[in-house]
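Visitor: Sequence:
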Amino acid sequence: MTANFAIALHGGAGVHPERDYGEVEAHLGELIAECAARLGAGQSALDAVEQAVAELESSGLYVAGRGSAPSTSGEVECDAAIMDGATGKAGGVCALQGLANPISAARKVLDQSPFLLLAGDGARRFALEHGCAPVAEEDGYYRLPVGIDESELSRLDPGLMHGTVGAVAVDGNGRLASATSTGGLLGKQAGRVGDTPITGIGNWADEDVAISCTGIGETFIRAGGARDIVARMAYGEDTLEIASSKMLDTVAALGGDGGLIAMDCRGRCVMPFNSPGMKRAFAHSSGSKLVRIR
Numbered sequence: 001m002t003a004n005f006a007i008a009l010h011g012g013a014g015v016h017p018e019r020d021y022g023e024v025e026a027h028l029g030e031l032i033a034e035c036a037a038r039l040g041a042g043q044s045a046l047d048a049v050e051q052a053v054a055e056l057e058s059s060g061l062y063v064a065g066r067g068s069a070p071s072t073s074g075e076v077e078c079d080a081a082i083m084d085g086a087t088g089k090a091g092g093v094c095a096l097q098g099l100a101n102p103i104s105a106a107r108k109v110l111d112q113s114p115f116l117l118l119a120g121d122g123a124r125r126f127a128l129e130h131g132c133a134p135v136a137e138e139d140g141y142y143r144l145p146v147g148i149d150e151s152e153l154s155r156l157d158p159g160l161m162h163g164t165v166g167a168v169a170v171d172g173n174g175r176l177a178s179a180t181s182t183g184g185l186l187g188k189q190a191g192r193v194g195d196t197p198i199t200g201i202g203n204w205a206d207e208d209v210a211i212s213c214t215g216i217g218e219t220f221i222r223a224g225g226a227r228d229i230v231a232r233m234a235y236g237e238d239t240l241e242i243a244s245s246k247m248l249d250t251v252a253a254l255g256g257d258g259g260l261i262a263m264d265c266r267g268r269c270v271m272p273f274n275s276p277g278m279k280r281a282f283a284h285s286s287g288s289k290l291v292r293i294r
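The numbering of the sequence shown is the working numbering, which starts it at 1 and goes up by one.
It should be emphasised that the hints constitute simulated quantities derived from the structure, not laboratory data. Virtual Cβ for every residue (Gly too), placed ideally from N, Cα, C. Check before you lean on any hint, since a few could be wrong.
Stated by the list, open to error - Label-pair distances were calculated between CB atoms; the ranges are: (1) S245 with G40: 28 to 34 Å; (2) G287 with G255: 38 to 44 Å; (3) D249 with D47: 33 to 39 Å; (4) G187 with R266: 37 to 43 Å.
Please take these sequences and the hints and turn them into a complete structure.
Guide: Put into structure tokens, the structure is as follows:
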């Protein structure tokens with residue numbers, strides 16, 4: 001048992017080189033401090049990552065939850081996953097519509113069902129039946145990022161085209177957890193599902209490591225995602241840092257980009273990316289703290 005704890009957050013690897021991210025950086029700084037305080041007061045890693053991702057979703061500053069943009073059908077479709085490293089239990093939802101916090105729906109799947117992943121209307125019905133809040137009409141999703149017209153979708157900079165939020169944490173009892181949520185690609189095909197809700201690809205936690213990925217989901221799936229990192233460490237001599245970088249190298253070779261946050265049971269964290277930037281933050285019980293965009 002250890003009194004050490006740590007938490008890392010990401011707000012997505014979709015970063016525009018010329019955009020001012022001052023508001024996002026300030027939000028991440030405030031949120032990571034709040035998360036560290038809660039862990040210091042004894043919150044579990046599983047509760048910490050769920051709450052952190054829910055707050056990222058609710059802020060409207062990221063391509064997840066309230067900040068999501070519509071698919072080709074004109075509807076917002078969200079994906080989310082959460083995993084408890086101590087028990088190996090996980091839950092996910094995909095193509096979910098009308099829920100204020102998709103990550104809370106994923107947590108309900110983990111806690112209240114024997115299943116791993118629920119989709120579409122079935123996921124929505126399950127979440128509502130288990131107390132998850134629907135989107136309030138007066139506080140609904142943003143339809144498009146500020147200043148962007150629907151006719152401009154096909155010409156958007158890739159830095160605006162994708163984004164995901166996530167959290168990984170280790171608590172004072174050495175338990176790891178991870179959570180990831182996304183609104184997917186801006187202007188995506190209706191029904192499209194990426195890596196985020198797939199346990200072992202976009203999201204993973206076990207007794208040794210917790211991982212949350214962000215980027216072009218199709219290439220992360222083809223690259224093996226989080227479990228590729230775990231396998232490289234288990235069957236080779238790669239460190240967490242090297243294994244993470246090698247997986248991202250495969251993503252790049254497949255034509256994608258993105259990043260990830262990964263943490264081990266001692267609170268050591270890596271946050272690599274091969275995109276123009278990745279919104280990220282980290283805090284440790286030692287008092288060390290980091291907030292970066294690029």
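Visitor: Each hint should be assessed against the structure and marked as holding or not.
Guide: Evaluation of the provided hints:
One distance hint, 28 to 34 Å for the beta-carbon pair S245 and G40, holds here, with the actual separation near 31 Å. For the pair G287 and G255, the supplied restraint of 38 to 44 Å holds, since their beta-carbon distance comes to about 41 Å. In this structure, D249 and D47 meet the distance hint of 33 to 39 Å, their C-beta atoms being roughly 34 Å apart. Between G187 and R266 the beta carbon distance is about 41 Å. The supplied range of 37 to 43 Å therefore holds.
Of the hints listed earlier, there is not a single one the structure fails to meet.
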